[in-house]
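Participant: As a plain string of letters, each chain reads:
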Amino acid sequence: MNVAISAGRYRYVPATAASTSGRRASARGLMAYSEEELRSKMSAVATGDRQSFAELFAYFAPKVKSLLMRKGYDAALAEEIAQEVMLAVWRKAGLYDAARANPTTWIFSIVRNRTIDRFRNERRHTLIAPDPSDEVEGPPDGEAVLVTSDEEREVRAALSRLSEEQALIIRSFYFDDKSHSQIATDLSLPLGTVKSRVRLAIAHLRKLLDDRE
Amino acid sequence: MTAVHHPSDETLLRCAAGSLSAGPAIVVRAHTDTCQQCRRTMARFEAVGGALLKEIEPTPLNDAAFDDVLLKIDASVVRPMTTKPLGDVSMPNGNPYPRSLAHARIGKFRWLGPGFRRSNVAVAGHPRANLMLMHIGAARKMPDHGHTGVEYTLVLSGSFSDQSGRYVAGDFIELDSSVEHQPIVDPDGACLCLAALEGDMRLKGVIGRFMQWFMRA
Numbered sequence: 001m002n003v004a005i006s007a008g009r010y011r012y013v014p015a016t017a018a019s020t021s022g023r024r025a026s027a028r029g030l031m032a033y034s035e036e037e038l039r040s041k042m043s044a045v046a047t048g049d050r051q052s053f054a055e056l057f058a059y060f061a062p063k064v065k066s067l068l069m070r071k072g073y074d075a076a077l078a079e080e081i082a083q084e085v086m087l088a089v090w091r092k093a094g095l096y097d098a099a100r101a102n103p104t105t106w107i108f109s110i111v112r113n114r115t116i117d118r119f120r121n122e123r124r125h126t127l128i129a130p131d132p133s134d135e136v137e138g139p140p141d142g143e144a145v146l147v148t149s150d151e152e153r154e155v156r157a158a159l160s161r162l163s164e165e166q167a168l169i170i171r172s173f174y175f176d177d178k179s180h181s182q183i184a185t186d187l188s189l190p191l192g193t194v195k196s197r198v199r200l201a202i203a204h205l206r207k208l209l210d211d212r213e
Numbered sequence: 001m002t003a004v005h006h007p008s009d010e011t012l013l014r015c016a017a018g019s020l021s022a023g024p025a026i027v028v029r030a031h032t033d034t035c036q037q038c039r040r041t042m043a044r045f046e047a048v049g050g051a052l053l054k055e056i057e058p059t060p061l062n063d064a065a066f067d068d069v070l071l072k073i074d075a076s077v078v079r080p081m082t083t084k085p086l087g088d089v090s091m092p093n094g095n096p097y098p099r100s101l102a103h104a105r106i107g108k109f110r111w112l113g114p115g116f117r118r119s120n121v122a123v124a125g126h127p128r129a130n131l132m133l134m135h136i137g138a139a140r141k142m143p144d145h146g147h148t149g150v151e152y153t154l155v156l157s158g159s160f161s162d163q164s165g166r167y168v169a170g171d172f173i174e175l176d177s178s179v180e181h182q183p184i185v186d187p188d189g190a191c192l193c194l195a196a197l198e199g200d201m202r203l204k205g206v207i208g209r210f211m212q213w214f215m216r217a
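So the protein lines, in turn, are chains A and B. Mapping of the first sequence onto this note's numbering: position 2 corresponds to residue 2, and the numbering continues sequentially without gaps. Mapping of the second sequence onto this note's numbering: position 179 corresponds to residue 179, and the numbering continues sequentially without gaps.
Next up, chain A with everything else stripped away, as it sits in the complex (with noise of 0.2 Å):
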């Protein structure tokens, strides 16, 4: 476990120094849960379980600081975004769908919502106030959208059967918020030849995704 438990008080143990205490490890030593083992971490948090939680932040808060400064910010900024993000993981677990979303999926959308507009170098960072847009939109009453743990397997081969110039111009939309002209600018092409590779690149993962079914 990345947790330890000291004094009756839960401890985040930086994943680095984990013991696997059985648990399945990746190859670099650290913790890897299926979105099964994550989905019911995030219903004992949402019945205020803190070792869960502390799980769950061992696990998602240094991906969560990674992806923040992919896009951009530093790392003071990025790991305060990130305790905001896990903040508002405790106080949402009730929130949480898993028929809407998969935790990760979840989780990606907290921190998307919470930097979407947002400048890069804003040296104070003020939105302390829980974001109500965090919580996910779910359909109207009573359609199905039964999301599997399949679901997340199949979104990474889709994305692992992209070429890598158009696996690049997904993860910009993801990561870096770059307009068509500054790819343009990184990959020094015309702003047309841009925006038709662009297009060929989401259609090509649409049609990925689709055929999935």
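A portion of the hints provided could be inaccurate.
Each computed SDA-like pair below joins lysine to any residue, with the alpha-carbon atoms no more than 20 Å apart [as the list claims (entries may be wrong)]:
(1) K141(B) to R166(B)
(2) K207(A) to Q36(B)
(3) K92(A) to A124(B)
(4) K72(B) to T47(A)
Some chain B residues judged to face chain A by a derived CB distance under 7 Å, without partners named [as the list claims (entries may be wrong)]:
(5) G18
(6) S21
(7) E46
(8) G49
Read the hints as simulated data drawn from the structure, not as lab findings. Heads up, the beta-carbon is just placed ideally off N, CA and C, and yes, glycines get one too.
Given chain A's structure and the hints, the job is docking chain B onto it.
Facilitator: Relative to chain A, chain B alone:
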């Protein structure tokens, strides 16, 4: 109510990824609220975000980071998070507003020209959301106009037509600066639209543009 005009895949992906601004994102979500097809596509693109988060290499936090969060949990009164209803505010035709506006504040509709009223929609935490509601009378013809940025529009009620087609409730229109069009509201009733401009447009420019329509009308 079945939409014929939908957001492009790129717009849905940008909305899911977080690279679309707050105002346009609300317009997109107001569309996916009623469009199952786009809602599914959006959910897939969000799952891509989840997959990318999952594969990212972690960056360790400070040792005290978790304790800091626990302190905050202990220090704060844990409020149950529930969705706050929009209140009694409903659209001019009496129907409820889309759920994506649930946390927005709808301003007074102000007269901007004959048959044309507009309301600024304030989005908490996003002072530059550039989101607005436009109420245009039946059979009103708007002068030709271009766009200075990409404009995202959702028809909430009523319908209008322009050179490229007819737009009914649920329809989503995105137009970039290269497009000039002349919308005419259909004669059977007024039209209510939710619209947002991409990026950091100066509000002055927006008002100026609408005033320009009015002057030329």
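Participant: Could you tell me which of the hints above the structure violates, numbers in ascending order?
Facilitator: No hint contradicted; all consistent.
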